[in-house]
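Asks: Kindly produce the complete structure, drawing on both the sequences and the hints.
Chains A and B, in that order, are what the protein sequence lines are. If you count the first sequence from 1, position 146 lands on 146 in the numbering used here, and the numbers rise without skipping. If you count the second sequence from 1, position 355 lands on 355 in the numbering used here, and the numbers rise without skipping.
Source of the hints: derived by calculation from the structure; they are not laboratory data. Just so you know, even glycine gets a beta-carbon here, dropped at the ideal spot from N, CA and C. Incorrect hints may have been included.
Claimed, not checked - Among the chain B residues that face chain A by a calculated CB cut under 10 Å, a handful are:
| # | residue |
| --- | --- |
| 1 | His417 |
| 2 | Arg433 |
| 3 | Asp441 |
| 4 | Ala449 |
| 5 | Glu453 |
As the list claims (entries may be wrong) - Label-pair ranges, simulated between beta-carbon atoms:
| # | chain 1 | residue 1 | chain 2 | residue 2 | range |
| --- | --- | --- | --- | --- | --- |
| 6 | A | Met118 | B | Asp441 | 21 to 27 Å |
| 7 | A | Lys14 | B | Phe409 | 29 to 35 Å |
| 8 | A | Lys108 | B | Ser395 | 24 to 30 Å |
What the hints assert, rightly or not - A short, non-exhaustive set of chain B residues, derived as facing chain A with CB atoms under 10 Å:
| # | residue |
| --- | --- |
| 9 | Ile437 |
| 10 | Tyr448 |
| 11 | Ala451 |
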Amino acid sequence: MLIIRNLHAEAEGKKILQGIDLEVKPGEVHAIMGPNGSGKSTLAQVVAGHDTYDITTGEVLYEGKDLLELSPEERAWEGIFMAFQYPVEIPGVRNTYFLKSALNAIRKARGESELDAMDFLDLAKDKMRLLNMEESLMERAVNEGFSGGEKKRNEILQMAVLDPKLAILDETDSGLDIDALKIVANGVNALRGPNRAIVVVTHYQRLLNYIVPDFVHVLVGGRIVKSGGRELALELEKQGYAGIEKAAAESRL
Amino acid sequence: MNGAEYPSVLKEIIMNEIDRYLISYENFQKTRSEKEPSWIRRIRKDAIERFAHLGFPGPRQEDWRFTRVKPITRTSFERVDGLRSNGLSSGEIARRTFNDAGCHRLAFVDGHYCAELSSQVGSNSGLVIESLADALQRRAALVENHLARYARFEEQAFIALNTAFISDGAFVYVPEDATVVEPIHLVFASSGLPSSTPAIGSATSNLHVDKAGPDAPSTNGNAPRTHPRILIIGEKGSRATIIESYIGLKQDAYFTNPVTEIILGENADVSHYKLQRESDAAYHVAALQANIEKDARFSSASISIGGALVRNDVNVILDGEGVSCALDGLYLGDNRQHVDNHTFIKHAKPNCESFELYKGILDGRSSGVFNGRIYVDPGAQKTDAKQTNNCLLLSDDARINTSPQLEIFADDVKCTHGATVGQLDEAAIFYLRSRGIEENDARHMLIYAFANEVLDRIHLAPVRDRFATDLFEWLSK
Ligand SMILES: Nc1ncnc2c1ncn2[C@@H]1O[C@H](COP(=O)(O)OP(=O)(O)O)[C@@H](O)[C@H]1O
Ligand SMILES: [Mg+2]
Numbered sequence: 001m002l003i004i005r006n007l008h009a010e011a012e013g014k015k016i017l018q019g020i021d022l023e024v025k026p027g028e029v030h031a032i033m034g035p036n037g038s039g040k041s042t043l044a045q046v047v048a049g050h051d052t053y054d055i056t057t058g059e060v061l062y063e064g065k066d067l068l069e070l071s072p073e074e075r076a077w078e079g080i081f082m083a084f085q086y087p088v089e090i091p092g093v094r095n096t097y098f099l100k101s102a103l104n105a106i107r108k109a110r111g112e113s114e115l116d117a118m119d120f121l122d123l124a125k126d127k128m129r130l131l132n133m134e135e136s137l138m139e140r141a142v143n144e145g146f147s148g149g150e151k152k153r154n155e156i157l158q159m160a161v162l163d164p165k166l167a168i169l170d171e172t173d174s175g176l177d178i179d180a181l182k183i184v185a186n187g188v189n190a191l192r193g194p195n196r197a198i199v200v201v202t203h204y205q206r207l208l209n210y211i212v213p214d215f216v217h218v219l220v221g222g223r224i225v226k227s228g229g230r231e232l233a234l235e236l237e238k239q240g241y242a243g244i245e246k247a248a249a250e251s252r253l
Numbered sequence: 001m002n003g004a005e006y007p008s009v010l011k012e013i014i015m016n017e018i019d020r021y022l023i024s025y026e027n028f029q030k031t032r033s034e035k036e037p038s039w040i041r042r043i044r045k046d047a048i049e050r051f052a053h054l055g056f057p058g059p060r061q062e063d064w065r066f067t068r069v070k071p072i073t074r075t076s077f078e079r080v081d082g083l084r085s086n087g088l089s090s091g092e093i094a095r096r097t098f099n100d101a102g103c104h105r106l107a108f109v110d111g112h113y114c115a116e117l118s119s120q121v122g123s124n125s126g127l128v129i130e131s132l133a134d135a136l137q138r139r140a141a142l143v144e145n146h147l148a149r150y151a152r153f154e155e156q157a158f159i160a161l162n163t164a165f166i167s168d169g170a171f172v173y174v175p176e177d178a179t180v181v182e183p184i185h186l187v188f189a190s191s192g193l194p195s196s197t198p199a200i201g202s203a204t205s206n207l208h209v210d211k212a213g214p215d216a217p218s219t220n221g222n223a224p225r226t227h228p229r230i231l232i233i234g235e236k237g238s239r240a241t242i243i244e245s246y247i248g249l250k251q252d253a254y255f256t257n258p259v260t261e262i263i264l265g266e267n268a269d270v271s272h273y274k275l276q277r278e279s280d281a282a283y284h285v286a287a288l289q290a291n292i293e294k295d296a297r298f299s300s301a302s303i304s305i306g307g308a309l310v311r312n313d314v315n316v317i318l319d320g321e322g323v324s325c326a327l328d329g330l331y332l333g334d335n336r337q338h339v340d341n342h343t344f345i346k347h348a349k350p351n352c353e354s355f356e357l358y359k360g361i362l363d364g365r366s367s368g369v370f371n372g373r374i375y376v377d378p379g380a381q382k383t384d385a386k387q388t389n390n391c392l393l394l395s396d397d398a399r400i401n402t403s404p405q406l407e408i409f410a411d412d413v414k415c416t417h418g419a420t421v422g423q424l425d426e427a428a429i430f431y432l433r434s435r436g437i438e439e440n441d442a443r444h445m446l447i448y449a450f451a452n453e454v455l456d457r458i459h460l461a462p463v464r465d466r467f468a469t470d471l472f473e474w475l476s477k
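Replies: Structure below.
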């Protein structure tokens, strides 16, 4: 579904990603872990199409197509969704209006009929119940004045409504208490299926108790220095990143 | 350049610019009926003398630093005598302004009252909605008590110019404790026809109708100018909603120079909207003066879309305790448009509140000016004044000059002001796009959201809807 080969990316002259290789197949859940500043968010943003990052080398294929050729909205139409580490506040745009516009833009691009206000609300309310979200949040401006937890839930709500094929969740667990974490994990697990793939970016392995990954990758200094199964996350928790970073540095010598 | 020492060549040009209006005034006076009351003649005369003395404002005047009136002064605009046929229909007015079904309407074409396009709904005893020309005849004493007593023609050249040429416009009188349920729509249309186009003889109820012939010898007709005059009197406890619309029917240049005076008695509650949709080549220099008495509520919303060069002065005097005043504004600029909003709120008495929110959206090479002055008199304790001005610049070449001016002479007051100038938030655009919303739609959504804060404060749904449509069209151009 997603193939990343030797991806190098930089911003403002700073080299951030330095040769990422990653393959994600339908039905799989991958976790990307790594210390702060290692390039996890950059990787997520590059896949979503943020244009502040220059791709200097490498390629990204999504369902066989050159993803880097597509605009962010085209990527969304193709079924890519990225939950932001820092969701953006948009004063003056109501959450319902935003989400309905997004859903209908995607449906339209796919040649599907647009949902009317009633059908949309039914759908949104359904998903909100699943995420234990206050309905009043829908009438507020997008993310404006939302607590950290509300913002993260709002990301997952968008994911649930937009129903992507490939979801990348960037630190969706940060700032959530354990109950909220379980709810969000339930929302994500509901999306799991043979045709979908999920990439969970996280700093802590805690989330992985609830969203159990098939693969775990460790990103350090813009490279994936180690990949493995579920057990790698537990190992990391015990050792911390320091051990891995050291091993990575030694292996490079 | 310093001071009055213009080179003599320039001086001559400036003289001519003023002379043109002085000659026009002489011709205009000659056409007026002998039966006109002497006080109105005297007001005009005082005003033209003031205008001759003041001349057109130049960049050395603080209030005109960023707005050059040269494009107006160097053009030979001419008054239009009488009503000309123009093909304007009632439906066309609604199409160009807003859906005003159910409103009282007074329509003016090139400054002249047009009975066919006007209509009144229902009847309110004592309520008067009529042309100023009619009011000058029918209730001269009432008009005399107020006309030109508030708008300061002594100091402002463009107010003086309007006052010197007072002949027609709108007169609204809402009696004590009366509530006018239906909004009152005052429409000022400019036909764009050159001043030499002959008037149609029949279609006017204006008894002062000027004798045929242009007011100055002209070649094949000059660009027209109008000086609409509006007088609104809301007695104690009265309630009304009034909308002024300005529209241009052709894309040619013309000059609109309206002056509005609003006088509200104790506990009156009046909303005033101004919808400026002049044609792209038009010049529009307007002043609104409102005097508000004890416990009255006044709200003004000024929407400015059209015009090549636009200046709106809104001056409000809170002249009794417990007044509540809201001034809102929304202006759009594109190409080389220039839009200047000057507001002045004078807190003359204690315990008044004023709330002001102006927002501008400028694209292309357009420029904007916002000057918000708030004056708090030494006696005006417990004043609560809040002013906000935000401007969104959509292109690198668009410019805005904003200056709040707080002059506070009382010590127990709450006065705040804030101004922001910015571009669209690129992070928000990316966020929207990453959810499947096309870039253009994402930009429009954010621009609309920016304007929405002001739109939300417009309680007249058809006017709000009209602007929403206008903004949408403006964005899709
Ligand atoms: N737009 C940018 N411009 C400059 N530097 C950036 C930009 N985005 C990220 N970086 C830098 O790249 C490195 C990786 O950042 P990021 O991808 O956010 O890491 P992570 O998500 O793993 O904490 C950091 O040093 C960060 O400062
Ligand atoms: Mg990050």
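Asks: The structure should be examined with respect to each hint, and the outcome stated for every one.
Replies: Hints, one by one, checked against the model:
Taken as an interface hint, His417 of chain B does not check out: its beta carbon lies about 19 Å from the nearest beta carbon of chain A, beyond 10 Å. The interface hint given for Arg433 of chain B holds, since its Cβ lies 4 Å from the closest Cβ of chain A, which is under the 10 Å cut-off. Here the hint on Asp441 of chain B is kept, as its CB sits about 7 Å from the closest CB of chain A, short of 10 Å. For the restraint placing Ala449 of chain B at the interface with chain A, the shortest Cβ-Cβ distance is roughly 3 Å, inside the 10 Å limit, so the hint holds.
Taking 10 Å as the C-beta cut-off, the interface hint given for Glu453 of chain B holds, the closest approach to chain A being about 6 Å. Between Met118 of chain A and Asp441 of chain B, the C-beta spacing of about 22 Å keeps the proposed range 21 to 27 Å intact. The given range of 29 to 35 Å is broken by Lys14 of chain A and Phe409 of chain B, whose C-beta atoms sit roughly 54 Å from each other. Judged by the Cβ atoms, the range 24 to 30 Å given for Lys108 of chain A and Ser395 of chain B holds: they are separated by roughly 29 Å.
The interface hint given for Ile437 of chain B is met, as the beta carbon of that residue sits about 5 Å from the closest beta carbon of chain A, less than 10 Å. Taken as an interface hint, Tyr448 of chain B checks out: its beta carbon lies about 8 Å from the nearest beta carbon of chain A, inside 10 Å. Interface hint status for Ala451 of chain B: upheld, as the beta-carbon distance to the closest one in chain A is roughly 8 Å, under 10 Å.
Going through the hint list in order, the structure does not satisfy hints 1, 7.
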